[in-house]
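Throw the hints in and build the complete structure from the sequences for me.
2 protein chains.
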Amino acid sequence: MTTELSPDALPELLERARKDYAALAARGLSLDLTRGKPAPAQLDLAEDLLSLPDGRHTAADGTDVRNYGGLQGLPELREIFADALQVPVTQLVALGNSSLELMHDCLVHALLGRVPGAESRWVDQERIAFLCPVPGYDRHFALCERFGIEMIPVPMTPDGPDMDEVERLAAGDAAVKGIWCVPKYSNPDGACYSDETVARLAAMSAAAPDFRIFWDNAYAVHHLTDEPVETADLLAACAASGNPDRVFVFGSSSKVTFAGSGVAFFGASPDNVRWLLANNAKRSIGPDKVNQLRHALFLRDAAGLRAHMARQRELLRPKFDAVQRILAAELGGTGLAEWTDPKGGYFVTLRVPDGCAKEVVRRASEAGIVLTPAGATHPYGDDPRDATIRIAPTFPVQDDLEQAMLGLTTCVRLVGYEKLSAS
Amino acid sequence: MTTELSPDALPELLERARKDYAALAARGLSLDLTRGKPAPAQLDLAEDLLSLPDGRHTAADGTDVRNYGGLQGLPELREIFADALQVPVTQLVALGNSSLELMHDCLVHALLGRVPGAESRWVDQERIAFLCPVPGYDRHFALCERFGIEMIPVPMTPDGPDMDEVERLAAGDAAVKGIWCVPKYSNPDGACYSDETVARLAAMSAAAPDFRIFWDNAYAVHHLTDEPVETADLLAACAASGNPDRVFVFGSSSKVTFAGSGVAFFGASPDNVRWLLANNAKRSIGPDKVNQLRHALFLRDAAGLRAHMARQRELLRPKFDAVQRILAAELGGTGLAEWTDPKGGYFVTLRVPDGCAKEVVRRASEAGIVLTPAGATHPYGDDPRDATIRIAPTFPVQDDLEQAMLGLTTCVRLVGYEKLSAS
Numbered sequence: 005m006t007t008e009l010s011p012d013a014l015p016e017l018l019e020r021a022r023k024d025y026a027a028l029a030a031r032g033l034s035l036d037l038t039r040g041k042p043a044p045a046q047l048d049l050a051e052d053l054l055s056l057p058d059g060r061h062t063a064a065d066g067t068d069v070r071n072y073g074g075l076q077g078l079p080e081l082r083e084i085f086a087d088a089l090q091v092p093v094t095q096l097v098a099l100g101n102s103s104l105e106l107m108h109d110c111l112v113h114a115l116l117g118r119v120p121g122a123e124s125r126w127v128d129q130e131r132i133a134f135l136c137p138v139p140g141y142d143r144h145f146a147l148c149e150r151f152g153i154e155m156i157p158v159p160m161t162p163d164g165p166d167m168d169e170v171e172r173l174a175a176g177d178a179a180v181k182g183i184w185c186v187p188k189y190s191n192p193d194g195a196c197y198s199d200e201t202v203a204r205l206a207a208m209s210a211a212a213p214d215f216r217i218f219w220d221n222a223y224a225v226h227h228l229t230d231e232p233v234e235t236a237d238l239l240a241a242c243a244a245s246g247n248p249d250r251v252f253v254f255g256s257s258s259k260v261t262f263a264g265s266g267v268a269f270f271g272a273s274p275d276n277v278r279w280l281l282a283n284n285a286k287r288s289i290g291p292d293k294v295n296q297l298r299h300a301l302f303l304r305d306a307a308g309l310r311a312h313m314a315r316q317r318e319l320l321r322p323k324f325d326a327v328q329r330i331l332a333a334e335l336g337g338t339g340l341a342e343w344t345d346p347k348g349g350y351f352v353t354l355r356v357p358d359g360c361a362k363e364v365v366r367r368a369s370e371a372g373i374v375l376t377p378a379g380a381t382h383p384y385g386d387d388p389r390d391a392t393i394r395i396a397p398t399f400p401v402q403d404d405l406e407q408a409m410l411g412l413t414t415c416v417r418l419v420g421y422e423k424l425s426a427s
Numbered sequence: 005m006t007t008e009l010s011p012d013a014l015p016e017l018l019e020r021a022r023k024d025y026a027a028l029a030a031r032g033l034s035l036d037l038t039r040g041k042p043a044p045a046q047l048d049l050a051e052d053l054l055s056l057p058d059g060r061h062t063a064a065d066g067t068d069v070r071n072y073g074g075l076q077g078l079p080e081l082r083e084i085f086a087d088a089l090q091v092p093v094t095q096l097v098a099l100g101n102s103s104l105e106l107m108h109d110c111l112v113h114a115l116l117g118r119v120p121g122a123e124s125r126w127v128d129q130e131r132i133a134f135l136c137p138v139p140g141y142d143r144h145f146a147l148c149e150r151f152g153i154e155m156i157p158v159p160m161t162p163d164g165p166d167m168d169e170v171e172r173l174a175a176g177d178a179a180v181k182g183i184w185c186v187p188k189y190s191n192p193d194g195a196c197y198s199d200e201t202v203a204r205l206a207a208m209s210a211a212a213p214d215f216r217i218f219w220d221n222a223y224a225v226h227h228l229t230d231e232p233v234e235t236a237d238l239l240a241a242c243a244a245s246g247n248p249d250r251v252f253v254f255g256s257s258s259k260v261t262f263a264g265s266g267v268a269f270f271g272a273s274p275d276n277v278r279w280l281l282a283n284n285a286k287r288s289i290g291p292d293k294v295n296q297l298r299h300a301l302f303l304r305d306a307a308g309l310r311a312h313m314a315r316q317r318e319l320l321r322p323k324f325d326a327v328q329r330i331l332a333a334e335l336g337g338t339g340l341a342e343w344t345d346p347k348g349g350y351f352v353t354l355r356v357p358d359g360c361a362k363e364v365v366r367r368a369s370e371a372g373i374v375l376t377p378a379g380a381t382h383p384y385g386d387d388p389r390d391a392t393i394r395i396a397p398t399f400p401v402q403d404d405l406e407q408a409m410l411g412l413t414t415c416v417r418l419v420g421y422e423k424l425s426a427s
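If you're matching them up, the sequences are chains A and B in order. The working numbering numbers the first residue of the first sequence as 5 and each following residue consecutively. The working numbering numbers the first residue of the second sequence as 5 and each following residue consecutively.
Read the hints as simulated data drawn from the structure, not as lab findings.
Given that identical chains are not distinguished, each listed pair holds provided it fits within a single copy or across any two copies.
Within a straight-line C-alpha distance of at most 30 Å, the following computed DSS-like cross-link-like pairs (lysine-lysine) qualify:
1) Lys-347 - Lys-286
2) Lys-362 - Lys-286
3) Lys-423 - Lys-23
4) Lys-362 - Lys-423
5) Lys-362 - Lys-347
6) Lys-23 - Lys-362
In structure tokens:
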């Protein structure tokens with residue numbers, strides 16, 4: 005962010021920003037860019053689910069999907085997602101409607117049970133810490149906070165987390181039990197982990213024998229361009245590096261079919277899978293297999309999944325294009341902002357001058373545009389530079405999104421020029 | 005169990021039992037009386053669910069059920085179950101497909117968080133214990149065992165647990181944090197808690213300020229007779245007794261609609277509900293509301309729920325009748341067995357002479373009839389008298405059930421007469 009601004013121009017720019025903001029506030033908007041929710045039009049693409057499985061209640065292997073049982077989930081659905089999640093079908097588990105639940109439950113089972121390789125339950129250890137690439141996903145951080153797991157921020161780069169830092173921290177501190185990763189189209193940067201990042205994660209030394217990578221592959225098939233990004237296969241790399249149990253892979257169809265009524269997946273080494281299933285066997289008599297059959301019939305196969313996501317992309321591309329267009333038109337060359345241009349996923353990161361993010365979000369809120377709270381992208385809600393804003397363009401209709409983005413850029417100009425004037 | 009047997013008759017009875025057992029074993033049966041699973045014919049009654057909500061995706065309050073959100077679950081479904089579970093709609097939560105999961109999660113949240121009234125997390129306390137009425141449900145006991153919660157058995161009576169014991173233990177030991185209760189048609193006795201039992205549970209002194217009754221009302225609407233048993237309202241009684249937070253009510257539609265794809269419920273005081281929802285908010289972005297809408301459309305209202313259960317009863321009554329008929333015909337007057345005659349629920353308890361239950365189960369298994377392991381009805385799998393066998397008549401078709409019951413009675417005669425002969 006270099007400003008090309010001459011000091012003489014500042015009063016006029018500030019004056020214009022103030023006028024624009026007053027006009028914005030006067031419009032009484034009520035717009036929401038907070039959460040990564042699919043829009044109703046995206047959900048409509050899966051409308052057939054609402055009458056499936058249409059009288060059928062038998063899985064390919066003869067299982068009556070209506071009854072109890074089947075802790076690992078339906079094989080035909082696992083087959084559809086195995087390639088996308090880079091997990092062999094036999095090591096993939098299909099469960100309930102939320103991958104966040106699975107991450108929560110894996111933490112619980114590690115805290116109260118003993119994860120393979122652990123010397124004791126995590127809850128019995130004096131200190132437990134997770135590495136948190138920042139900016140990252142607020143709900144990951146909320147899980148750590150809820151369980152008293154210390155969070156150690158690590159800066160993100162366009163290739164994934166700063167691996168020098170990750171290696172140093174994982175090797176040097178046995179209390180570091182894990183790291184949160186969104187490897188493809190990360191939340192919120194849209195960054196994709198490079199092959200080198202994946203290789204280093206698999207091979208690095210970890211002081212904790214029970215170190216785990218929570219690999220939240222939430223956007224595995226959520227491409228926005230003609231060049232789908234393929235990240236390297238961490239599960240295979242871990243096995244090849246002699247660390248087969250290092251990774252828990254998470255995935256979900258929440259942003260494929262219905263956000264609230266999808267199917268979540270867990271993939272890992274055979275030992276980890278046995279561990280999860282043994283824990284789950286105490287907790288449940290099996291997942292909702294009717295919903296799994298419903299999804300298998302709807303998506304059909306891996307090609308069907310890809311075709312469905314291509315239809316999602318047609319709806320999402322214009323929204324992400326609008327975000328880029330408006331940011332460039334309104335903030336390009338001002339020196340007040342930088343932003344990411346993701347090739348997939350659900351978010352755009354907007355970086356404003358240090359100390360401005362909270363104020364931008366506050367001003368936007370006062371003008372009726374609700375944004376994710378500034379700081380939410382960092383552990384404990386604390387962005388030390390107060391510079392990161394997460395934009396979630398998917399849910400609003402196109403016109404609302406464009407109005408909200410224009411309003412947001414007005415707020416950035418207002419707060420940015422106010423700050424420059426004060427300094 | 006008083007035997008009317010004259011010693012002279014024993015050799016002949018044993019001889020006949022041995023012959024019958026040899027003939028049974030020679031038949032090469034493969035029958036299963038282990039688990040309380042609905043039969044396919046019961047599941048067929050809810051077949052319409054397989055094409056619901058049939059294109060509809062909007063709840064009564066306008067919510068798009070396909071998307072995220074709605075942590076408390078759909079009001080229209082909660083309304084249908086509120087009366088049956090004796091929980092006001094505003095204090096009832098509709099969640100995923102398993103009430104066992106909810107019980108597990110409540111334990112987890114109490115262990116790792118702080119339940120209302122608690123002085124500290126349970127995991128930070130030196131000793132935690134639960135009262136376990138016996139015989140009881142093995143999956144309750146498995147949860148305690150998994151989390152290192154000490155189990156203290158309390159004898160069941162036809163009116164519920166021995167309340168003198170419950171009161172003594174709850175009042176005298178602050179480590180006693182809870183009790184497992186299946187108040188109506190209990191698993192496996194089919195006992196129903198009397199009004200006095202409910203009143204005493206609500207009013208008794210508990211040394212632990214965070215004492216909780218895990219009220220697993222699994223068979224709330226699962227009547228087998230023309231005289232549906234109505235147990236007293238514990239949630240209201242607790243509030244009236246000044247112990248509003250004492251009870252967690254659990255329920256589920258697993259044995260109403262589809263065992264694996266139903267909806268589970270949690271009901272409690274407003275403070276407890278807020279506590280659960282706050283914990284759930286960290287774990288999930290909401291339950292599967294499409295499935296909740298599906299159930300609301302299928303069941304329609306409380307009367308629809310009752311009518312559906314009347315159809316279930318038509319299928320189950322002949323099975324429970326056969327169990328009674330065969331037990332009476334084959335073991336009546338032998339002095340070898342006593343059994344319960346439940347007015348609802350899913351189980352019959354068969355009591356055999358002390359020291360015989362494991363052997364009966366073993367002999368039955370060798371003859372191709374699989375029963376719930378003897379001891380499963382007691383904490384740690386340890387029935388000190390080795391006398392309790394749980395019979396689950398629902399899943400097999402009528403003929404298989406009758407074959408299995410005949411075989412079981414043969415095993416009881418064999419093992420019982422062998423024991424008498426040896427003594």
